[in-house]
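Work out the full structure, taking the sequences as your base and the hints as a guide.
Residues per chain, in single letters:
Number of protein chains: 2
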Amino acid sequence: MADAAAWSLHPQLARATIDIGDLPLSRVFVFEDANYPWLLLVPRRDAVEIIDLDEVEQAQLMSEIARVAHALKTVTRCDKLNIAALGNVVPQLHVHIIARRHTDAAWPKPVWGEAPAQTHDPAELNLFISEVRQRIWLASDQPITFDGAGR
Amino acid sequence: MADAAAWSLHPQLARATIDIGDLPLSRVFVFEDANYPWLLLVPRRDAVEIIDLDEVEQAQLMSEIARVAHALKTVTRCDKLNIAALGNVVPQLHVHIIARRHTDAAWPKPVWGEAPAQTHDPAELNLFISEVRQRIWLASDQPITFDGAGR
Chain A
103 MADAAAWSLH PQLARATIDI GDLPLSRVFV FEDANYPWLL LVPRRDAVEI IDLDEVEQAQ
163 LMSEIARVAH ALKTVTRCDK LNIAALGNVV PQLHVHIIAR RHTDAAWPKP VWGEAPAQTH
223 DPAELNLFIS EVRQRIWLAS DQPITFDGAG R
Chain B
103 MADAAAWSLH PQLARATIDI GDLPLSRVFV FEDANYPWLL LVPRRDAVEI IDLDEVEQAQ
163 LMSEIARVAH ALKTVTRCDK LNIAALGNVV PQLHVHIIAR RHTDAAWPKP VWGEAPAQTH
223 DPAELNLFIS EVRQRIWLAS DQPITFDGAG R
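The listed protein sequences derive, respectively, from chains A and B.
If you want this note's numbering, it's the position in the first sequence, counting the first as 1, plus 102.
If you want this note's numbering, it's the position in the second sequence, counting the first as 1, plus 102.
These are computed hints drawn from the structure, not numbers from a lab.
Beta carbons: idealized from backbone N, C-alpha and C, even for Gly.
Hints are supplied without guarantee of correctness; some may be wrong.
To be verified - Label pairs and their in silico Cβ distance ranges:
1. Asn137(A) - Ala217(B): 18 to 26 Å
2. Arg203(B) - His112(A): 19 to 27 Å
3. Arg179(A) - Ala225(B): 46 to 54 Å
4. Val191(B) - Gln220(A): 22 to 30 Å
5. Ala116(B) - Val158(A): 34 to 42 Å
6. Ser110(B) - Ala108(A): 42 to 50 Å
7. Ala118(A) - Pro224(B): 15 to 23 Å
As structure tokens, this is what we get:
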């Protein structure tokens, strides 16, 4: 099993994201680019590749990917989901789950490196986080207040 | 469950790949671009998104991704794996599993749209397919002969 005790969030991921809560394996983040509704799953394990996780963790990661992808699709009614574990720049294992629209800044290309990141409107971002959290955790709505400096 | 009977390979995927065999859920392909050792998993289901698969199929897909990724890493000794389900151009669900090197044509960018596809050397391709198949299926070596026109 990949080591859980050794895990801490890579600073490059911390700088570009907002923490919206934990699933059993992964921490869930919003990526700070208003061009696309963009979530990130970071397994709380000292891992670079999906195959650094053991089989139970891999199955749990897929379950969490599906749960978050479903929530994102429901909230955004997007045209396509993009799901990817690349890690060429930041080596800590992280999975991108991105809602794509035929009209977005990069379509049909992948999003990475295409358009300069856009700042979120705080009210829109709070609403988005609230809706996503409600659907991921199936819990009563407990929105995180986004004050522009993370939580 | 996503419909298995309705499945047939999308012609755009057929044109760009070489079929190297079936896992329980997915057909495995080599993508025809010698810039990168590049495999593709296509679940034999009428699906666009991972979340179109049921939970059992999703777990099976993760198991097959890990199996193929492990084989690819062992064969290539690559620096990084890139694993992605995008589907912005070809809507049939397919998962890219790509071996990346710090010296490859696109590093550290994602591969899509970066460098013109390169033709494989037939002998190198046959060796690669043989080694990958041996590690995915853990079977005796039964190489597919690549004659330049798929099998």
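Here is what the structure says about each hint:
no., hint, result
1, Asn137(A) - Ala217(B): 18 to 26 Å, "holds, 25 Å"
2, Arg203(B) - His112(A): 19 to 27 Å, "holds, 22 Å"
3, Arg179(A) - Ala225(B): 46 to 54 Å, "holds, 49 Å"
4, Val191(B) - Gln220(A): 22 to 30 Å, "holds, 24 Å"
5, Ala116(B) - Val158(A): 34 to 42 Å, "holds, 36 Å"
6, Ser110(B) - Ala108(A): 42 to 50 Å, "holds, 46 Å"
7, Ala118(A) - Pro224(B): 15 to 23 Å, "violated, 44 Å"
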